[in-house]
Amino acid sequence: MITLTHYLVLSGILFSIGLAGVMRRTNLLMLFFSTEILLNAVNVGFVAVSKYYGDLTGQMFAFFIIAVAASEAAVGLGLLILWYKRNGSVDLTSLQMMKG
Amino acid sequence: MEKYVYIALFAPLLSSLFVALFATRPKILFMGILASLLIGASMISSFILLFYVNAHGALHVKMMDWISAGNLEIPFGFVVDQVSVIMMVTVTFVSTIIHVYSIGYMDHDKSFNRFFSYLSAFVFSMLILVMSDNFVGLFIGWEGVGLCSWLLIGFWYHKPSAAWAANEAFIMNRIADLGMLMGLFLIYWQIGSFQYDIVFASIKFLDISIVTTIGIFLFIGAMGKSAQFPLHTWLADAMEGPTPVSALIHAATMVTAGVYLVIRCGDIYSLIPHIGFAIASLGAFVAVFAASMALVNNDLKRIIAYSTLSQLGYMFVAAGLGAYWIALFHLMTHAFFKSLLFLGAGNVMHAMHDELNIKKMGGLYGSMKATAILMSVASVALAGIYPFAGFFSKDMILEVAFNEGAYFLWFALFIGAGMTAFYSFRLVMLVFFGEKEHTKYGIHPHEAQPFVIYALMPLGLLAVIAGFFEHAFRGFVTKLLTNYDIQIAHGTEVLLIAATLGIAISGISFAIYMYSRGGFSKTLENRFCYKLLINQYFIPKLYELYIMKPFGAISNFLWQKIDVKIIDFSVDMVAKILYTSGEKSRKMQSGNLSDMLRWMVVGIVILLAVAIFYRPIV
Amino acid sequence: MYEVIAFYIFSALTIGLFTVVVMSKNALYAMSALAGGMIFISGFFFILGAEFLGVVQITVYSGAIMALYAFGMMFFDTTRDVKENIRCKKIAYTLSILSSILLIVILCAPLFSQNIEALYPSIQNAGNIQMIGLVLFTKYLVPFELAAIMLLAAMIAGIVLASKKMEMNLEIDEEFEEAKDVK
Amino acid sequence: MDHILSLIIFFPFVAGLFGFLVNKDSVRAYGISVSAIEFLLTLVLWVGFDSSNAGYQFVEYTALIPSFGMSYYLGVDGISLFLVILTSLMTMISLIALNIEKDAKNLIISVLFLEMTMVGVFLILDVILFYSFWELSLVPMLYIIGAWGSARRVYAAIKFFLYTFAGSVLMLVGILYMGFLYHEATGIWSFALPDWYLLQIPLQMQLWLFGAFFLAFAIKVPMFPFHTWLPYAHGQAPTIGSIILAAVLLKMGSYGFVRFSLPLFPDASVYFLMPIAIIAIIMVIYGAMVAYAQEDMKQVIAYSSISHMGIVVLGTFAMNAEGITGSIFLMLSHGIVSGALFMLVGVIYDRRHTKLMSEFGGIASVMPNFATIYGIMLMASVGLPLSVGFVGEFLSLVGFYKVNWVMTLMAGSGIILGAVYMLNLYKKSFFGPITHEENRTLKDLNGKELTALIPLVALVVILGVFPKPVLSTIDMSVKKMLSLMEQKAVENDTRDLIINVNSIGGKR
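Chains as they are written, first to last, in this note's numbering: chain V, 1 to 100; chain E, 1 to 618; chain F, 1 to 183; chain H, 1 to 508.
No lab work stands behind these hints: they were computed from the structure. All C-beta atoms, glycine included, are put in the ideal place defined by N, C-alpha and C. It cannot be assumed that every hint is accurate.
If we take Cβ atoms under 8 Å as the criterion, some of the chain V residues that face chain E in the derived model are [said to hold, decoys possible]: (1) Leu-19; (2) Val-22; (3) Met-23; (4) Asn-27; (5) Leu-39; (6) Thr-57.
Using the sequences provided together with the hints, build the complete structure.
Structure follows, in structure tokens:
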């Protein structure tokens, strides 16, 4: 029988994969991909909780997360393109204006 | 009569304050005369009060409230009773003479006015000390005389030795004063008052251990002021002050304050005879101890200072054994002949241009006959030869010791009497007779001004005849103090007197014999005994080595190591840690997004770990 | 039983595909793997009975977002491998493994608050989509509208940002290309 | 007379604001006259003060934030009255003696602001407002040290500020928690101190709260081992800063003990009596010994302040009327005496631009008036009877004797060590031959300095001879406070101790 814990563990593993990607990649596009993984991992958790507690709030949250992810992708890509046009690179190392 | 109390007390203050206004001006002769007149007025008032007290009994004056807090009420109150009036008379009498004498002595000093201001201030403090009707008032005077002593010892402050001696005297006295303060605190919390009458009335209801503690603490106070062992070193060093000061403060009056305290607290000490006996033993020890140091010293004033110390020991023997009136009597006679001795020494010093080494004098009799005679009279009185004043008082102290069965004390005092006779005549011989050593140094001694000699006359007279007032004195003071009778069989008494006189006379004769033949051989100076004595038993050295130096070292250690290196350092450390951690963690802000993301994940990991290990109580 | 098998298969696939996304050097592969992973995620939604979300997941993620990324990638030179100077890989891996262990430990631990009450309990005798409709258009109406506005704003923002100074940038792009050729 | 307290607090502030408009050349006269008016106002306060009424007088109350019980609440009693007078007096005197030319205008305005905050601390009965003024007092002082000090002034100023500030932050937590407790107990919010006095707090809670308040006060006093800001602050501050710092700012800490720690937390005060007494004794002896080791005159006096404040703390924690009255009196006397001593050091510093004792020697013959006044102040500092220093020291020690005689003996060694370092200082700088040629031509005190110093000398003697009017006024309020403490103590031991240390006779 698959329990809630299974889903949550899966969600945790996916999240960690996302984290690894976030830390490892320096290509901004890849960072976006990793972010999508993080969001999806959370979504799985939400939906699973929603199912096992018989509560729709989880699904609602997942729904809104998807909406946010969509907007994020749109704006993020726009910015990315702008950056690429200006610098000719989407590498993180080109983004170092905040050096303290 | 109250007005005489106030005149006696405040005339010296007035003198001091008025003269102080001109302290920085060059010499104004009138200031000296004015001060002497005002002190004289105080003296006359004291004599009037003496007769009044004799006729009508004690006089009690309350001037105003001083401190009041909680249950504590301390007034400025003055009591003129048999004891205090005797002290007042002694103090003002000697002071007046010394004021007059000082006009001559300080003639050429540029701080003439300042000197009189200080001297009068001292008289005022001393009068407060003796006249106060409560312990705190006594303490005011006690500290006041300490202050004046500091000012006067350090009068020639440009001499480092004087400055040092002044501080030493003040600090030593402070040590003792702390003991006295503790005694006062204990009295307050047990009895709730500092008034003599209330304290003495209720002291007998207290637990004996508490009374003992009070007695010990008060005596610690007395030890400092009266320079008893081990707080005695300041007295000899105090001779750095001008000679009139030595005569007034460090011989006749201030140093006897300790004795006065013990006499005044007779009601306390008679309850605790064992402490009294300890006091007497210490007194006897000091009597011999100081006399032995006087035997070899070559400093004119120091010899007399040690002699004072020794005589204070005698007084403490009497006071400790309960013979308060005898102690007071000796205090009085001692004041006369000792100040005379000092003032004579002052004349000699002037004549010798401030030379103090008696080995460099000799043969001064020819040029200063009057001084020589006066000093010899004083020395005879000091040695205790009949019929001079010292004989009566000192001999009685020996009898008291014998009477109490404290034969050991008696023996010590007996030896002390012999030593006293010897060193006082050693001094007389070396200074006034024998070879004229001073001619080698090109000094031409001259006698002091005539009025100075006349001023000394009354003292000389009293040094001779004061002893004959013994019975009148006894009758007068025993109205207040507990009487003390010497119950020794007549035969024994005669024998004792004979023995005492005998040792005194033999001491004198030995001194005269030896020093008329040129003194002891130089070889004796290499002996250990001599070195021990001339170095004052190495006690000042010990103090310097084991108290002053370690104190300085510890202070420095506390400051340099503890305060700066540990405490302040740790405070700065906190600041430094914060600062460096900021400085270090600044590098985290590399601006690299990847790094920042890593830090973020580190944060997540930490939070997760916290979530595992910390669970809120459900 | 099917549920169990489906769960494990989907799990394996999503984990595998996402790992490819994270590890792959080629952006195209990564994107394809991501799209695949998204679809399998929707599989979980179907297993969990959230059909609506599953559909939304496929349409929005695999359809819209991935298409967006695909278009975006056209701006960048995707045929080449992604050149990354990856530093301190170990730290990244340790941290992520550490966090996953911690997460799993936490999630495996028994929930200490068992008596969670459903805020919006599932309505009996109603399909998932119906239920979502009921909740979404009553309780979550305002957030829903806000989300719509957000999406609109995001769309406009995306267009504006991407189209800014288009011509000038083309030149720069050419210059960039030339510069690369010289190399 | 109704609003005299507000007037006293805000007059210097308003006058300070107007000070910006005053011409540079006349700003000194302006500052002196403002502070003189302020001093007169405080004297008027004393005249109007009913010394048979132990409670708060001239009370002003205006609610500020009623829902949280914050108010503008002023009142004066015997404990604070003389501290206020001391503040205005010392400010006036220090302004008279002021001889800094650089940016004198800003300095004087800072001093006037400082005066407002100090007076406010002593007069305000609302704790939140008290805290605000407590913290505000740091700001002008920071400027005074940081802008007009000597070489390491910035370090000293920042250290002073951060150290004292860090200490009082915990007090804020304590204040908020007290307010919360009051709310718990009564259901209404109040930050008025008289309200808080009525609150009985369980012992455990008292201990924590006492600790929170203690740190703030201990750093301000400053108690060992939180004292290290003081030597720096004094060493680097300009003369006027040192005077005000020693005379008034330190008193805020000891005032806090009397006003807050004792009556609010009687049980905790008794519980912590011994540790605090030990710290106080360490302060006395340690301060004196470190003072002895100093080479800089100003540092000697700075460390001597620590030593004297030790006796103040000891007297405060004697828990009897004698001790507390004595310690408050000692605060006054220390304010006058140490202020005067710092001023005297300032005088010599102006002439020679050094404070090292080794640079002097034999000054007594060159500057006799200076030496005389220095000597009088020194004797007052040492605690000679009939000078102001004796009364407070005597009473504090008397008070603590009842608590523990051995500790009193140890603290009493302060009077010996005090004499040691002070006389040593005097000997090194005033006695002996003149060793430095430039000292031969030093000028004695001028008119300005004499005007500033003579009143202090007079006060030293007058209060030493006739302290009664001051003492009895303080004593009355202290007795009231003690009976309050006795009533609200939650532990029987506390009550027994308070009764015991206030009674005469019986067994030790």
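Status of the hint placing Val-22 of chain V at chain E (closest C-beta pair under 8 Å): Cβ of Val-22 of chain V sits 5 Å from chain E, so the hint holds.
Status of the hint placing Met-23 of chain V at chain E (closest C-beta pair under 8 Å): holds (5 Å)
Interface hint for Asn-27 of chain V, Cβ within 8 Å of any Cβ on chain E: Since the shortest Cβ distance to chain E is 10 Å, the answer is violated.
Thr-57 of chain V as an interface hint toward chain E, with CB separation required under 8 Å: violated (22 Å)
Residue hint Leu-39 of chain V, partner chain E, criterion CB-CB below 8 Å: Hint violated; Leu-39 of chain V Cβ to chain E Cβ min 15 Å, cut 8 Å.
Restraint outcome when Leu-19 of chain V is required to lie within 8 Å of chain E by C-beta distance: At about 6 Å, which falls below the 8 Å cut-off, the nearest Cβ of chain E leaves the hint on Leu-19 of chain V intact, so it holds.
Hint compliance for this structure: hints 4, 5 and 6 are not met, and every other hint is.
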